[in-house]
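Undergrad: Protein sequence lines correspond, in order, to chains Z and X. 143 is the number that this note's numbering gives to position 143 of the first sequence; each next residue is one higher, with no gaps. 200 is the number that this note's numbering gives to position 200 of the second sequence; each next residue is one higher, with no gaps.
DSS-like, lysine-lysine: derived pairs with alpha carbons at most 27 Å apart:
| # | chain 1 | residue 1 | chain 2 | residue 2 |
| --- | --- | --- | --- | --- |
| 1 | Z | K281 | X | K281 |
| 2 | Z | K76 | X | K33 |
| 3 | Z | K175 | X | K33 |
| 4 | X | K123 | Z | K33 |
| 5 | X | K123 | Z | K34 |
| 6 | Z | K76 | Z | K96 |
| 7 | Z | K300 | X | K123 |
| 8 | Z | K276 | X | K281 |
These are computed hints drawn from the structure, not numbers from a lab. Computed from a prediction, not measured in an experiment: that's the story for all the values here.
One letter stands for each residue in the lines below.
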Amino acid sequence: MTLNRRDFFKVLSFGAAVATGTNTLFSNTAIRKKFRTKDAVGILYDATLCIGCKACEVACKKVNGLPSDHSDWETKHGLSNAWDSGSDLSTHTLNKIKLYQHGDASVKNRSENGFAFMKRACMHCVDPACVSACPVSGFTKDPVTGIVSWNESCCGCRYCEIACPYSIPRFEYNKAIPEVFKCEMCSHVVEKGGIPGCCESCPSGASIFGNVYEILKEAKRRIALKPGEQYAYPISTVHDTEIQVRSAEKYIHYIYGEKEAGGTQYLILSAIPFEKLGLPKLPETSAAATTETIQHTIYKGLIAPIALLTGLVFAAHRSAGIETPNEIQINDE
Amino acid sequence: MMSEHRPIGGKILTKPFLVLALIAFIAFILVVKRFLLGIGSVTNLNDGYPWGLWIVYDVLVGTAFGCGGYAMALLVYIFNKGKYHPLIRPAIMTSVFGYTLAGASIILDVGRYWNLYNMFWPKYANINSVMVEVAICVASYVMILWIEFSPSFFENWRKGGTPKYINKFMFVFIAIGVLLPTLHQSSLGTLMIIAGNRLFPLWQTNWLPLLFLISALTMGFGMIIFESLFSSVILNRPLEMSMLKKLSAIVSKLLLIFLIFRFGDLIWRNEISTIFNPGFKQFMFFLENALIILPMIVLFIRKQSENPRSLFLTAASILIAGTLYRFNTYLVGFDPGYGWQYFPSIPEIVVTLGIISVELMAYLVFVKKLPVLPTVRQIENN
Numbered sequence: 001m002t003l004n005r006r007d008f009f010k011v012l013s014f015g016a017a018v019a020t021g022t023n024t025l026f027s028n029t030a031i032r033k034k035f036r037t038k039d040a041v042g043i044l045y046d047a048t049l050c051i052g053c054k055a056c057e058v059a060c061k062k063v064n065g066l067p068s069d070h071s072d073w074e075t076k077h078g079l080s081n082a083w084d085s086g087s088d089l090s091t092h093t094l095n096k097i098k099l100y101q102h103g104d105a106s107v108k109n110r111s112e113n114g115f116a117f118m119k120r121a122c123m124h125c126v127d128p129a130c131v132s133a134c135p136v137s138g139f140t141k142d143p144v145t146g147i148v149s150w151n152e153s154c155c156g157c158r159y160c161e162i163a164c165p166y167s168i169p170r171f172e173y174n175k176a177i178p179e180v181f182k183c184e185m186c187s188h189v190v191e192k193g194g195i196p197g198c199c200e201s202c203p204s205g206a207s208i209f210g211n212v213y214e215i216l217k218e219a220k221r222r223i224a225l226k227p228g229e230q231y232a233y234p235i236s237t238v239h240d241t242e243i244q245v246r247s248a249e250k251y252i253h254y255i256y257g258e259k260e261a262g263g264t265q266y267l268i269l270s271a272i273p274f275e276k277l278g279l280p281k282l283p284e285t286s287a288a289a290t291t292e293t294i295q296h297t298i299y300k301g302l303i304a305p306i307a308l309l310t311g312l313v314f315a316a317h318r319s320a321g322i323e324t325p326n327e328i329q330i331n332d333e
Numbered sequence: 001m002m003s004e005h006r007p008i009g010g011k012i013l014t015k016p017f018l019v020l021a022l023i024a025f026i027a028f029i030l031v032v033k034r035f036l037l038g039i040g041s042v043t044n045l046n047d048g049y050p051w052g053l054w055i056v057y058d059v060l061v062g063t064a065f066g067c068g069g070y071a072m073a074l075l076v077y078i079f080n081k082g083k084y085h086p087l088i089r090p091a092i093m094t095s096v097f098g099y100t101l102a103g104a105s106i107i108l109d110v111g112r113y114w115n116l117y118n119m120f121w122p123k124y125a126n127i128n129s130v131m132v133e134v135a136i137c138v139a140s141y142v143m144i145l146w147i148e149f150s151p152s153f154f155e156n157w158r159k160g161g162t163p164k165y166i167n168k169f170m171f172v173f174i175a176i177g178v179l180l181p182t183l184h185q186s187s188l189g190t191l192m193i194i195a196g197n198r199l200f201p202l203w204q205t206n207w208l209p210l211l212f213l214i215s216a217l218t219m220g221f222g223m224i225i226f227e228s229l230f231s232s233v234i235l236n237r238p239l240e241m242s243m244l245k246k247l248s249a250i251v252s253k254l255l256l257i258f259l260i261f262r263f264g265d266l267i268w269r270n271e272i273s274t275i276f277n278p279g280f281k282q283f284m285f286f287l288e289n290a291l292i293i294l295p296m297i298v299l300f301i302r303k304q305s306e307n308p309r310s311l312f313l314t315a316a317s318i319l320i321a322g323t324l325y326r327f328n329t330y331l332v333g334f335d336p337g338y339g340w341q342y343f344p345s346i347p348e349i350v351v352t353l354g355i356i357s358v359e360l361m362a363y364l365v366f367v368k369k370l371p372v373l374p375t376v377r378q379i380e381n382n
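Bound conformation, chain Z alone (with noise of 0.2 Å):
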């Protein structure tokens, strides 16, 4: 005997219903979308005001207490703290310059023949991936300020790393007690009503700290600005009262982070192609959202697996009865 007709029908129905769950995603079921809080904080990164320096990762340490970062070289050679030489976020480095080189890269905020930094650091979603991936509440949003933080309940699944489309959180891979680091805006100084340590240290006024929307603001109008138009530039915060006035370069008409991925607390601004930065291309609707889409509808009340394991009890209930063992059918049908 092969699987008789009516038998398939009812496999193929038992694999329907399940389907039906994923299926309502694509008909009539909207994917959720998250807005920016009112009070939200976020930085403004504009690269094409970044001059290298890293004073920016240096008052990173030392606002939140972290340890410098070596080589393999420096480590062997017994190099301590004598300076930071980390090449990349690590559990120790929570921001990083990086540098676009190409050709003899002798004009800044170029991408023929020029140059440009990047800062690499949490994007602070407005939708995180961390957060809704996070088994146990490891990584929570502030419901005010949006910022995005780690805090014990970790489990240290990583599931946060598979999650994150910028790659941020960093695992402490060769710890017995391991914890997760990534940026966390410096948390513990805004909610005393101070400012990251990055933008407190830039001295050019590429990492500014403000209210979500108006740092979004002042993005829109320096991108709506012409090539070597004159232009007042905060130094340290959105209001700052120091300014530096100085001719702004050929923006990408564009703000990153502004929908990525269901949007960011922390925006990007550049002359150069901002794949080329490193940063990645991402579609409009956060994974998270697709994810929980998903699986809402499937769990939805508990309706459908309460609904499956009533018809899986009868089912049982009805085979089982009849079968002890002496009246085990063997023969054929």
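Starting from the known structure of chain Z, arrange chain X on it as the hints suggest.
TA: Using the frame of chain Z, we list chain X on its own:
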């Protein structure tokens, strides 16, 4: 009342058993090292590839291999095919090992294992996280499997066999035992949706849950066929061919359904042309699907599906294909960018081999000491 299953008896400490014990011992030392010095001291895992061999093989593939009990329960109890009954107990036993060790191996891979209970703690459990669903379902399924398997212990050690109250409510456990794998095997696919475009388009799709579920079922049936033929040869028992033939007919249809969704999705998303660009990922995609298409064709040929040799090879092919599908979705197709790379370290591989060894050792002990395998009379009657 005598069960139709019997322990097969025989010496426990055979040569293969001791070799397995040695591998398990070395793995144990490495596990101790991991707990003292951190995950990085044993594995090549990094911030770009936070999940490697341990998660993908031990957990994903391990539980999929352990879907034999699920597949058989679905067939025997839900679709009321009593005639497959002699195979259900060995199938559940494989599931018990697969799932118990998968659950245990999570503790190795999770950095802050002492906080794992937070997944079940209302204050911390994040219901938006697919992983919470997986954790709750896998943990409860391990318990259900032990209950489903408990008659083997009772028949052996308790006078009067399985207590009445367990038998009476067994159908409830069986029903839950079908529900839970349906939920978590699909969720194991949903887990990767959040990786967004870091997962290559040949694998990233909103249909991952359904594909993972069907794939798990094919692997469950594949495992029953593989294990039955393998144990017949190794333990010198008659082949259970007539039943396996019928199972293989079901598998071939499941493989077809899988392929329809797999390729239908690629066409629907307009990604089918991606297959034809040369590259390593495309090669792995090709391999993964060839190992599904080939056994499907073989099983559709009646003469081949009656041949134990081809049946064994097709079962192996299905298991390898399901394994590849999981490796491809979680590792090969996953690219975190920024130059990150990953290949498992030797100690990492040894730990996985150690877990497999423990599983095989437990299998040998259980079939020799407990009434798990169907009696020879019953096979021949069929």
